[in-house]
Amino acid sequence: MGIILTYLIPILASTVSMSTPLIFASVGGAFSVRSGVMALGLESMMMCGAFGAVLGSYYSGSFVVGLLCGMLGGMLIGLFHAVLCVRYKVNQVISGIGLNLLATAITTLLMQIVWGNKGTSEMVDSIDTSIGGPIPIISEQSFNFFVMIAVVVIGWIVLFKTRYGLRLRMVGENPRAASSMGLRVHALKYSGVIICGILAGYGGAFLSLDQLNMFVRDMTAGRGYIAVAINILGRYNPLYIVPCALLFGFCDAVQIYLQGQGVPSQLIQMLPYLATLLVLAFGVRHIQAPAGVGKHEDD
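Residues are numbered in the working numbering as their position in the sequence shown, beginning at 1, plus a constant of 29.
Since the hints were derived computationally from the structure, they do not count as laboratory data. Using N, Cα and C, we set each Cβ at its ideal position, and we do this for glycine too. A portion of the hints provided could be inaccurate.
Cβ-Cβ distance ranges computed for the label pairs, FRET-style [to be verified]:
(1) Tyr286 / Tyr117: 44 to 52 Å
(2) Asp327 / Val182: 16 to 24 Å
(3) Arg264 / Asn146: 38 to 46 Å
(4) Leu195 / Tyr117: 40 to 48 Å
(5) Gln298 / Ile186: 48 to 56 Å
(6) Val143 / Gln317: 42 to 50 Å
(7) Val112 / Pro163: 42 to 50 Å
(8) Leu307 / Ser168: 44 to 52 Å
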């Protein structure tokens with residue numbers, strides 16, 4: 030039993046850590062989809078959040094400023110996505126995928142300008158303290174564990190227990206009907222996507238300042254797409270998102286553990302993405318997005 034706990038506890042602790050940025054991004058994605066805008070740009074929001082956090086921490090010497098800059102980076106991409114999709118009615122799939130490609134190019138260029146390196150940034154002030162306590166799995170986490178719990182609970186309350194959340198969901202279901210009732214459809218859509226950008230940016234900042242203390246090219250490594258899958262599997266509900274994210278986090282933790290056991294790394298690194306494919310193929314057949322996703326009040 031002791032041997033099992035010796036291996037199990039680190040894996041479970043790593044599961045929570047790996048799940049945290051996915052939960053931030055997925056809860057943000059729920060706000061975007063509930064407002065009627067697809068969240069395919071989560072990858073770019075996370076990546077710019079991760080880069081912004083390192084940049085802010087590098088110039089200020091404070092991880093707190095870095096976290097704020099990370100949220101700002103994600104918010105700017107979210108605002109750009111909202112302008113394209115809401116103001117100019119660009120196809121939401123094209124906008125999301127295009128921003129994901131753009132984020133990779135921009136962060137690589139800025140790394141070359143700021144640090145003279147296209148692969149990694151310099152070391153910065155990071156979140157390197159654990160909260161401690163008697164529970165081993167939680168004691169190894171940083172304060173972002175509690176931030177994540179707060180985001181999930183508050184996100185659920187806002188979406189399902191407030192007037193704003195009701196109006197946001199009305200816009201996501203039928204923007205024309207919402208407009209006929211006098212709701213400010215554009216403003217609500219903007220707010221949903223901007224909240225998505227802020228939370229996804231925080232998730233990216235977690236990757237660069239909590240799990241590491243630098244920015245690495247393509248740092249998100251597809252986590253934004255995994256967050257999209259988690260969001261769908263969680264039925265765009267923050268409470269349901271958590272167990273789904275833990276499943277993917279567990280796959281990620283297991284593949285990291287197995288890499289140290291002599292198993293070919295190329296095979297093991299497929300686990301999180303294989304799990305994503307299986308979920309999309311078999312787990313979301315009967316899950317319907319809000320009826321107004323991709324629609325406008327004048328459609």
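Hint check results:
Look at Tyr286 against Tyr117: about 46 Å separates their beta carbons, and that is inside 44 to 52 Å. Between Asp327 and Val182 the CB atoms are about 36 Å apart, so this pair departs from the stated range of 16 to 24 Å. Evaluation of the 38 to 46 Å hint for Arg264 and Asn146 yields a pass: the beta carbon distance comes to about 42 Å. Here the CB-CB span from Leu195 to Tyr117 is close to 27 Å, at odds with the stated 40 to 48 Å.
With their beta carbons about 37 Å apart, Gln298 and Ile186 fall outside the hinted range of 48 to 56 Å. A hinted range of 42 to 50 Å for the beta carbons of Val143 and Gln317 is consistent with their spacing of about 44 Å. At about 49 Å, the CB distance of Val112 to Pro163 agrees with the hint of 42 to 50 Å. A hinted range of 44 to 52 Å is violated for the C-beta pair Leu307 and Ser168, which are about 32 Å apart.
In this structure, the hints that do not hold are numbers 2, 4, 5 and 8, in rising order.
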